[in-house]
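Asks: Each chain, written out:
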Amino acid sequence: MTGIEIKNVSKNYGNVQALSNINLTFESDKIYGLLGRNGAGKSTLLNIITSRIFADSGEVLIDGIPAKDNDRALKKVYLMSEKNFYPGRMKIKEVFKWTRQFYPDFDEDYAYKLAERFELNTGKSVKSLSTGYNSIFKLIIALSVNTPYVLLDEPVLGLDANHRELFYKVLLEKYSQSPCTIVISTHLIEEVSNIIENIIIIKKGRIIKNETCESLLASGYSVAGTAAKVDAYIAGRNVLGVDNLGGLKQAYLLGKIDGELPEGIELGKLDLQKLFIQLTNQ
Amino acid sequence: MNTSVSYRYQLASQIKGIVIYYLIVLCVSVLVIATSTVAISISSADDGLSGQIVGTEFATIIYLFVAACNSFREEFGMLMQNATSRKSLFIGRILTTLTISSFMVIMDKLIYFINRAAYSDDKYVVLSFFDSFYNTNSDSFKLQITGFFFHLSFNLFASGLGYLLTNIFYRSGKGGRLGLCVGLPVGIVVVLPIVDSIIAKGKISEAIFRGLDKILGVSAQKPLYGIISCFLIFTGLSAISWLLIRRANVKE
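Residue numbers (my numbering), protein chains in the order written: chain B, 1 to 282; chain Z, 1 to 252.
Quick caveat, the hints were computed from the structure, so don't treat them as lab data.
Check before you lean on any hint, since a few could be wrong.
[What the hints assert, rightly or not] Simulated pairs of lysine-lysine, DSS-like, Cα-Cα distance not exceeding 25 angstroms:
#: 1; chain 1: Z; residue 1: K251; chain 2: B; residue 2: K203
#: 2; chain 1: Z; residue 1: K16; chain 2: B; residue 2: K93
#: 3; chain 1: B; residue 1: K68; chain 2: Z; residue 2: K87
#: 4; chain 1: B; residue 1: K68; chain 2: Z; residue 2: K251
#: 5; chain 1: Z; residue 1: K251; chain 2: B; residue 2: K7
#: 6; chain 1: Z; residue 1: K142; chain 2: Z; residue 2: K214
#: 7; chain 1: Z; residue 1: K251; chain 2: B; residue 2: K91
#: 8; chain 1: B; residue 1: K83; chain 2: Z; residue 2: K174
#: 9; chain 1: Z; residue 1: K87; chain 2: B; residue 2: K97
#: 10; chain 1: B; residue 1: K97; chain 2: Z; residue 2: K16
Take the sequences, apply the hints, and build the full model.
Replies: In C-alpha cells:
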C-alpha cells in the first residue's frame, strides 16, 4: 500500500483560495493530526480526497489508484465528516446494515459492541440523536468500517469528557489490533497530542508543517519557576507563550537550550497547542 | 463498481412511498366501487345512471414526477458518504427508475382489471390512460403490450423530468432556485396563458397542442410515436441530469 498521495491540489471558492498547491502523502498505518484554524482548508482537503468535492487542479491517488470519482479507490477510505449525510429518518441499526452493504469489511458485531460501550440506542433514528450522539454514531461506523484509511473530521464534536476519553481509548485499542491510516482533523490539539504520530499544520490553504510529533515538540521546550526567574531567563529568547499561576510562571520557548539552566528553573516539554497558536498566528 | 448496492439502496428508499401510494389508490378504488355499487342497486333501470373511470394511471405519473423531484439530495449525500462514485449513483438511478416505472405499470394494469371486473355493467366505462388517448377499449394482447410500453414511457418521462428539475435545483444558486420554484410555475400557469390569450390570440396553445398531437401520434392513432417520443425525451433528460451530476459537489 502506497498511502494517499495528494499532488499539486488547489481549490478556490470564488475569490477565496481554500487550498493552494498541496503536496502531501498520508503513509500507511500511521496516525496523523491535521491541524489548522477555522477555514484553513482541512475539511476541503478531506472532501477532495474522498471525491465529495472536486479540486480545481491536481490529483489524489489512493494506493496508486486515481481517486477522482472512482469506486475502487473510494472503497479504501471512510470519511467521518462534521455534517451528517445519513438520512434523518433512518434508524442506527439500518445505517449499520447499509454500511455493511457499501463496505463489505464493516464489522457489524463490533459496531453493536461499541454502541453498547457508548450507550447508543441503535433503535433510534439519526435525526433524533443529540449532537454528541450524532458524533458517536459516526465514530462507531468509522471504527468498525475496516478500511485502510479512516479520515475523522472533528470527531469529538459535542462529546462530553467521558465519551472523549472512551473514544481515544477505543481508537488506540482498534489501531493496535488492526493498524490503519487514521487522519484526525481537530481543534482539540491537547487531547490528540498523545495519540498522533505525525502532525500536518495547514494555514490559509497551505501546508506549513508536516513532520513527526516528536520532532515538532523537540523544536522547543518549556521552563517553569518563579515569575522573576522565568522572566529573567526568557528575556531575549523566542517565547511562544506564557502561563501564570499565582507567583509561578511557565514559559514556552522555541529553539534549543543554550547553556545550563539557572537554578530554580525547571525544564519541560513544549506545549503543542502553544506552538500551534504561534505558528498559525504569524 | 458500487452500481449494484447503489441500485439496491435507491430502490429501497422508494419502496415505502410506493406501498403507501398503492394503499391509497386501492382505498380510493374500493370506495368508488362501493359507492357506485350502492348507487346501481338503489337506482331503477330508467334512471339513466352511468359513469366513467378514465386514466387513473395519470395519478401514478404525477406520483413519479413528485417522487423524482424529492429523490436527489438525500440519496446523493448517503451514497457519497459511502464511497459510491457519481457514475454508480447515476447508473443505479436509471436502473431504479426502469424497475419502479415498470412495476407501477403492472400495478396500474392490475387495478385497471379490478375496476373492469367490478364494473361489468355496460353503464359504467373503465378506460385506461392509453385507451383515452387512442380511442381503444380492447383486451387484445397486442394492444395490452402497446399500452404497457405507452404507460411505461410516460412514467419514465415523468421520472426523468422530476429528476432533472431536482438536479438543476441542487446545482443552482439562490437566484436559480427562486427561478425554478417560483418563476417556472408562474411562467407556465400564469404568464403563458395570459400572453397566449391577449397577445398571441391562442396561437401558442394551439401550437403546443399541435406539437403534442404530432409527437404522441394521437390524431394519426400511432401510439408508437408517443412511445418513441417519450423514451427519447427520457433519454435526453437523463443525459442532461448526468452532465449535472458528474460535477456535483456535496454541500456541507
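Asks: Indicate, hint by hint, whether the structure satisfies it.
Replies: Evaluated hints:
{"no.": "1", "hint": "K251(Z) <-> K203(B)", "verdict": "22 angstroms, holds"}
{"no.": "2", "hint": "K16(Z) <-> K93(B)", "verdict": "18 angstroms, holds"}
{"no.": "3", "hint": "K68(B) <-> K87(Z)", "verdict": "11 angstroms, holds"}
{"no.": "4", "hint": "K68(B) <-> K251(Z)", "verdict": "17 angstroms, holds"}
{"no.": "5", "hint": "K251(Z) <-> K7(B)", "verdict": "24 angstroms, holds"}
{"no.": "6", "hint": "K142(Z) <-> K214(Z)", "verdict": "22 angstroms, holds"}
{"no.": "7", "hint": "K251(Z) <-> K91(B)", "verdict": "23 angstroms, holds"}
{"no.": "8", "hint": "K83(B) <-> K174(Z)", "verdict": "21 angstroms, holds"}
{"no.": "9", "hint": "K87(Z) <-> K97(B)", "verdict": "23 angstroms, holds"}
{"no.": "10", "hint": "K97(B) <-> K16(Z)", "verdict": "17 angstroms, holds"}
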